Amino acid sequence: MEIKKILVCDDDEGILDMLALILEETGHEILVERNSLNVLSIIEAQSPDLILLDLWMPVISGDQLLKSIRSNPRMHNLPVIVISASRDGRKIAEHAGASAYIAKPFDYQELIDTVETCLGSYAK
Amino acid sequence: MNTFKNGKFNLSGESLTDNFELLTKALDASISGIIITDNNQPDNPIVYCNKAFELISGYQRSEIIGHNCRFLQKDDRAQAARQEISDCVKNGMECRVEIRNYRKNGDLFWNELYMSPVKDKSGQITHFIGVQNDITTRKKAEQDLRQQKDLMEKKIDERTAELRDSEAFLSSIIQTVRESLLVLDPQFNVLSANDHFLKTFKVTAEETVGKHLYELGNHQWDIPQLKELLMKILPTNNPVVDFEVEHDFPHIGRKLMLLNAYRVELEGQYKDQILLAIEDITDRREIERRKDDFLSIASHELKTPLTTIKGYIQALQRMVSTEAGDRFRTTLDKVAVYVERLNNLIAELLDVSRIQSGNIELHKTFFNFDAMVGETIDAMQISTPSHHFALKGSTKALIEGDESHLIQVINNLLSNAVKYSPESKEIFIHLSRVSEYVKVSVTDYGLGISPEDQKKVFERFFRVGDVQERFPGMGIGLYICDQIIKNHKGTLWVESNKGEGSTFSFTLPIGGGNTNGN
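Top to bottom, those sequences are chains A and B. Sequential numbering from 1 applies to the first sequence in UniProt numbering. Sequential numbering from 1 applies to the second sequence in UniProt numbering.
A few of these clues could be false.
[Claimed, not checked] Calculated cross-link-like contacts (lysine-lysine; reagent style DSS-like; alpha-carbon spacing at most 25 Å):
id	chain 1	residue 1	chain 2	residue 2
1	B	Lys-104	B	Lys-154
2	B	Lys-232	B	Lys-211
3	A	Lys-91	B	Lys-139
4	B	Lys-154	B	Lys-139
5	B	Lys-364	A	Lys-91
6	B	Lys-364	B	Lys-396
7	A	Lys-91	B	Lys-291
8	B	Lys-211	B	Lys-255
9	B	Lys-211	B	Lys-227
10	B	Lys-486	B	Lys-291
11	A	Lys-91	B	Lys-486
12	B	Lys-255	B	Lys-232
[Stated by the list, open to error] Restraint-style ranges between C-beta atoms, simulated for each label pair:
id	chain 1	residue 1	chain 2	residue 2	range
13	A	Val-59	B	Pro-305	38 to 44 Å
14	B	Arg-460	A	Ile-3	50 to 56 Å
15	A	Glu-110	B	Leu-398	20 to 26 Å
16	B	Asp-333	A	Glu-110	40 to 46 Å
Keep in mind the hints are simulated off the structure, nothing from the lab. A quick note: this is a predicted structure, and the numbers were derived from the prediction, not measured. Cβ atoms here follow ideal geometry from the backbone N, Cα and C, with glycine treated the same way.
With the hints as extra help, turn the sequences into a complete structure.
Structure follows, in structure tokens:
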């Protein structure tokens, strides 16, 4: 299996740790980041294959960040899974151009399946 | 007897005596009582009375002659009419009075007395002639009439007072209600405005009453939505209820108003007048919005640690080695069940908040209805070994709707059936197609619901009283189900007998209700 790079950004440390724990089971390389401000530069530097993004984050919200990604020619094709507990999360995510949406709290298998689907459909 | 000599009484009799007798007979034939008193004798005694006088008074001639007339009044002396008579006697004048007299047997009779003096050549009064008529009947009729009139007047006074009271009562109600009220004439001129209107819109009665509605407060009531209500909607839809109008008033700012309008259709003085009730819901909406925001944030914040817990538990469940004991496994599984329950409670709270603010969002897709129901029942069966779910029938329908919300409804009906039938183990689910609808019925043989509670189970936070302690919960599950089904243009209802169990059924239009049954 080809090892891919997954960047996870959530301002909640508990969620971040847990997501990292689950995703490490997939065998891929997991990068975690609490500060959404750093995400664009991490993408530039690390070229991840997939991003998991929370919505409600301080300074730059997930949907703002997603819009920046989609409007940046160097990364606009990057698959981004939005994962949120917000009531309007799905709508906001779709509007911002998310590849997939997962509502918190999510199901283990749902997370794994969505991640693999998004990775599979993406070729650099 | 000069008159006789003058020939005035020269009747057809042979002699003076004949003519005299004729006159006497004439007097006796009169129905009026006639007496003559002698003014030259002390105390004016009666010297003549005719037959009618005997009849009226009940006395015989022998008992009358020689008496003063006053015997007719017996003890009833204090009458104004007596003074009048005695004044006339003193002054030698005619008089006519109505006086209370008494018959010999004591019965009262009203006597209309006409009295005139007889004078000699020198002008001295020699006699008085009294003519009497019994007017008791007339008097009684007059009295009855007067009593009737008094009674009528009293009743009219009472009714007037009642009307005044109820008018005052009505106007006090109008002034007390916490809602603005305007009465308009058919041309939309303001006939009256209550205190609450004046207070809310910071105007005086002088600035308002008599003015045209649209011209009020320098045309600040010239609101297009209001014009539409009064001129287009009300003429064909009377009354109009809960018509929402938003307007920015120059002095008092933006107001959100809920209007009720009613045009008087009753024939009469109020016909075509318009009652306009204006409820200011600006603050209420703001509070609702804040509550909504609060619930939204609270649920987000609650879900965040819950997501972490759930994630870890699911990770743990996968990490458990096959050698781990059953006790460890079942304990972990139980934690997972209760985390899921907590998650559902939070979701329900958020649902209520959304429904109340009218924000229930449906993500509609087409899906296989029977498969959805079947899978939902299967999942419930796995987590509920205590009961057996028996599914019968099918719809073979493709439904357009929010699948996850409809799963939520079925889950709720199933878990209620389980919860309220602890003694009975069987739960039946029946699927069918009725006309252009699919129908789902969930039947349990548990506690059942009394008729009065059946009406309320779909209300928010309603809990059937006697089951509150044994079966805790928030009482919002069925309310949410009802709202979800309504949002799908379907109907949810219950049939139940206390002690025999309940059947909750709902229908959904095939094709999402947009295709008119095709």
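**OP:** Sort out whether B/Lys-396 lies within 25 Å of B/Lys-364, counting only the CA atoms.
**Re:** This hinted pair holds, its Cα atoms lying about 19 Å apart.
Subject >> Hinted pair A/Lys-91 and B/Lys-139, Cα distance within 25 Å >> reply: violated (96 Å)
**OP:** Take the C-alpha atoms of B/Lys-211 and B/Lys-255, compute the straight-line distance between them, and say whether it is at most 25 Å.
**Re:** holds (22 Å)
Subject >> Hint consistency between B/Lys-232 and B/Lys-211 [alpha-carbon to alpha-carbon, up to 25 Å] >> reply: holds (21 Å)
Original post:
Is A/Lys-91 within 25 Å of B/Lys-486, Cα to Cα?
Top reply: Holds, at roughly 22 Å.
Original post:
Do the alpha carbons of B/Lys-104 and B/Lys-154 lie within 25 Å of each other, as the hint requires?
Top reply: The given pair, whose Cα atoms are some 38 Å apart, is violated under the 25 Å limit.
Original post:
Is it true that A/Val-59 and B/Pro-305 lie within 38 to 44 Å of each other by Cβ?
Top reply: Violated: the Cβ-Cβ distance is about 22 Å, outside 38 to 44 Å.
Original post:
Quick one, are B/Lys-486 and B/Lys-291 close enough, alpha carbons at most 25 Å?
Top reply: holds (24 Å)
Subject >> B/Arg-460 paired with A/Ile-3, Cβ distance criterion 50 to 56 Å >> reply: The hint (50 to 56 Å, Cβ to Cβ) holds, given that B/Arg-460 and A/Ile-3 are roughly 52 Å apart.
Original post:
Is B/Lys-211 within 25 Å of B/Lys-227, Cα to Cα?
Top reply: holds (16 Å)
Original post:
Taking 40 to 46 Å as the hint, is the beta-carbon distance of B/Asp-333 and A/Glu-110 inside that range?
Top reply: violated (19 Å)
Original post:
Does 20 to 26 Å hold as the CB distance between A/Glu-110 and B/Leu-398, or does it fail?
Top reply: holds (25 Å)
Of the numbered hints listed earlier, those contradicted by the structure are 1, 3, 13 and 16.
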